[in-house]
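Participant: Could you build the full structure based on these sequences and the hints that come with them?
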Amino acid sequence: MARSATAKPAKAAAIPATKPTKVAKATSSRAAKASVAEKEPKAKRGKKKAKTGPKRALSAYMFFSKAMRKTVQEENPEVSFGQIGKILGDKWKNLSDAAKAPYNAESEKDKIRYANEKASHVDVSEQSE
DNA sequence: GAATTGATTGTTGGG
DNA sequence: CCCAACAATCAATTC
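For the first sequence, position 109 (counting from the first letter as 1) is numbered 109 according to full-length UniProt numbering, and the numbering increases by one without interruption.
Just to be clear, a hint being listed does not mean it is correct.
[As the list claims (entries may be wrong)] Computed cross-link-like contacts, DSS-like style, restricted to lysine-lysine with a CA-CA straight-line distance of at most 30 Å:
id, residue 1, residue 2
1, Lys55, Lys70
2, Lys66, Lys100
3, Lys55, Lys66
4, Lys55, Lys100
[Claimed, not checked] FRET-style restraints, in silico, Cβ to Cβ:
id, residue 1, residue 2, range
5, Gln83, Ile112, 30 to 40 Å
6, Gly89, Arg56, 14 to 24 Å
7, Asn116, Asp90, 28 to 38 Å
8, Glu78, Ala115, 34 to 44 Å
9, Pro77, Ala115, 32 to 42 Å
10, Asn116, Gln83, 34 to 44 Å
The hints are simulated quantities; they were obtained by calculation from the structure and are not laboratory data.
Every residue, glycine too, gets a C-beta built ideally from N, C-alpha and C.
Facilitator: Right, here's the structure in full:
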C-alpha cells in the first residue's frame, strides 16, 4: 500500500469544484515534493513495466488536451507540438474548477474504468493472451 | 504508516 | 518506434 490517506478524500482532490480544498498537504507529500522537485527535466520516459495490461486512467489533462488541442491549433495554426502543450497547460491552469469539472469527471470515469478492468483480474472469459 | 519517486496516460509530428 | 512539454494521478517502493 502506499498513500492510504489517499483512500478517499471525499473526492476533495478529484472534485475541486465541489471542494476546492486542494488536498493542502494531504500528507505533505506533495508539498515536500514541490520543495524538492525542480530537478532537471530528464526525459526519462523509456517505459519500464506495465505489460499489456489495463491502461491506467487518463488524467483530466489528457481529456483536456484531446478536446482543446484542436481548438488551440485553430487559434494557433503555426505552432509546434511543444507550443500547443504550453498553451494548453496555460489554459488548463487558467481554467476554473467548474471548467475542469467535466474533465475531472471524465478522468473519474476513466479511473473507474481502469479499476473495473483491474478488478476483472481473472473472471470467466478474459485472458486474451 | 507516511513520503517519495516513478511510471503511465494522451496529443502530434518528426528523427 | 520513441520523444518532446504539459499536468495529473495512480502505484509501487522505500523508510
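Participant: All the hints need checking, so say for each whether the structure fits it.
Facilitator: Quick rundown of the hints versus the structure:
no.	hint	result
1	Lys55 x Lys70	holds (24 Å)
2	Lys66 x Lys100	holds (14 Å)
3	Lys55 x Lys66	holds (17 Å)
4	Lys55 x Lys100	holds (22 Å)
5	Gln83 x Ile112: 30 to 40 Å	holds (33 Å)
6	Gly89 x Arg56: 14 to 24 Å	holds (20 Å)
7	Asn116 x Asp90: 28 to 38 Å	holds (34 Å)
8	Glu78 x Ala115: 34 to 44 Å	holds (41 Å)
9	Pro77 x Ala115: 32 to 42 Å	holds (39 Å)
10	Asn116 x Gln83: 34 to 44 Å	holds (36 Å)
Against the hints set out earlier in the document, no violation occurs for any number.
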